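Those protein sequences? They're chains A and B, same order as listed. Numbering-wise (the working numbering), the first sequence opens with residue 19 and increments by one. Numbering-wise (the working numbering), the second sequence opens with residue 1186 and increments by one.
It is possible that part of the hints are untrue.
[Claimed, not checked] If you only want the chain B side, here are some residues facing chain A, beta carbon under 7 angstroms, derived: (1) Gly1228; (2) Pro1229; (3) Leu1231; (4) Phe1247; (5) Leu1284; (6) Gly1289.
Note that these hints are calculated values from the structure, not bench results. All values reported here derive from a predicted model rather than from experimental measurement. Quick reminder that beta carbons are idealized off the backbone N, C-alpha and C, glycines included.
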Amino acid sequence: EPEVTQTPSHQVTQMGQEVILRCVPISNHLYFYWYRQILGQKVEFLVSFYNNEISEKSEIFDDQFSVERPDGSNFTLKIRSTKLEDSAMYFCASRRGANTGELFFGEGSRLTVL
Amino acid sequence: QQQVKQSPQSLIVQKGGISIINCAYENTAFDYFPWYQQFPGKGPALLIAIRPDVSEKKEGRFTISFNKSAKQFSLHIMDSQPGDSATYFCAASGTASKLTFGTGTRLQVTL
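For reference, chain A alone in the conformation it holds in the complex (with noise of 0.2 angstroms):
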């Protein structure tokens, strides 16, 4: 069965680095999405993907961050300088169409700021 494949699955860090977290989202899929989820609390929206641009962002997504599809198959999340409280799980998603409303999501990548 197709799935969504995030690396690493750990990272630990220092505060103000630089972090890359990526995803190889299922092959036939259009619309990708990063959400991430603090330690016991609720699935937050991050950013949403389509033909090459970003198509919604949520107020978390700030200036230090972006997304790229550098390639046909992997999609990133860059921390440009990472904050304590950017420690979280980071989930990859993606969607085959517009109108087909299952979001498929990945095992997650866990990170860690100190």
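Once you've looked at the hints, dock chain B against the given chain A.
Here is chain B on its own, set in the frame of chain A:
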């Protein structure tokens, strides 16, 4: 208007019992209402979903009840099993838009 409110925050049910989790939404543009199940350390996985043209959808032991006029929907887990112990999130979205998640319900099914 984008909020999805979920209750209860936690739920303890005996094996074989019925687990009921409720959600309410405000945005009338929402037209897709999924429930996700999440085990510790894992990503959310789609459990069951409904669109507003039906009032109920059943898949195995899982049923969504949907009340469009009240803007509420609920998940019923029949014959709850210890393996159902997980966190459950309701969510909602409009066409081609992001999913907005509820706050989650931690379900524990005891023997």
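Proposed interface contact between Pro1229(B) and chain A, which counts if any beta carbon pair is under 7 angstroms: 5 angstroms, holds
Gly1228(B) was flagged as interface toward chain A. Is the shortest Cβ-Cβ separation under 7 angstroms? OK, holds: Gly1228(B) within 7 angstroms of chain A, min 4 angstroms.
With chain A as the partner, please determine if Leu1231(B) meets the hint condition of a C-beta pair closer than 7 angstroms. 5 angstroms, holds
Per the CB criterion, is Gly1289(B) less than 7 angstroms away from chain A? Result: holds, 5 angstroms to nearest chain A Cβ.
Under 7 angstroms is the threshold here; is the Cβ of Leu1284(B) close enough to any Cβ of chain A for the hint to stand? 6 angstroms, holds
Return the status of the interface hint for Phe1247(B): holds when the least beta-carbon distance to chain A is below 7 angstroms, violated otherwise. Where the cut-off is 7 angstroms and the nearest Cβ of chain A is about 15 angstroms from Phe1247(B), the hint is violated.
The structure does not agree with numbered hint 4 stated previously, though it agrees with all others.
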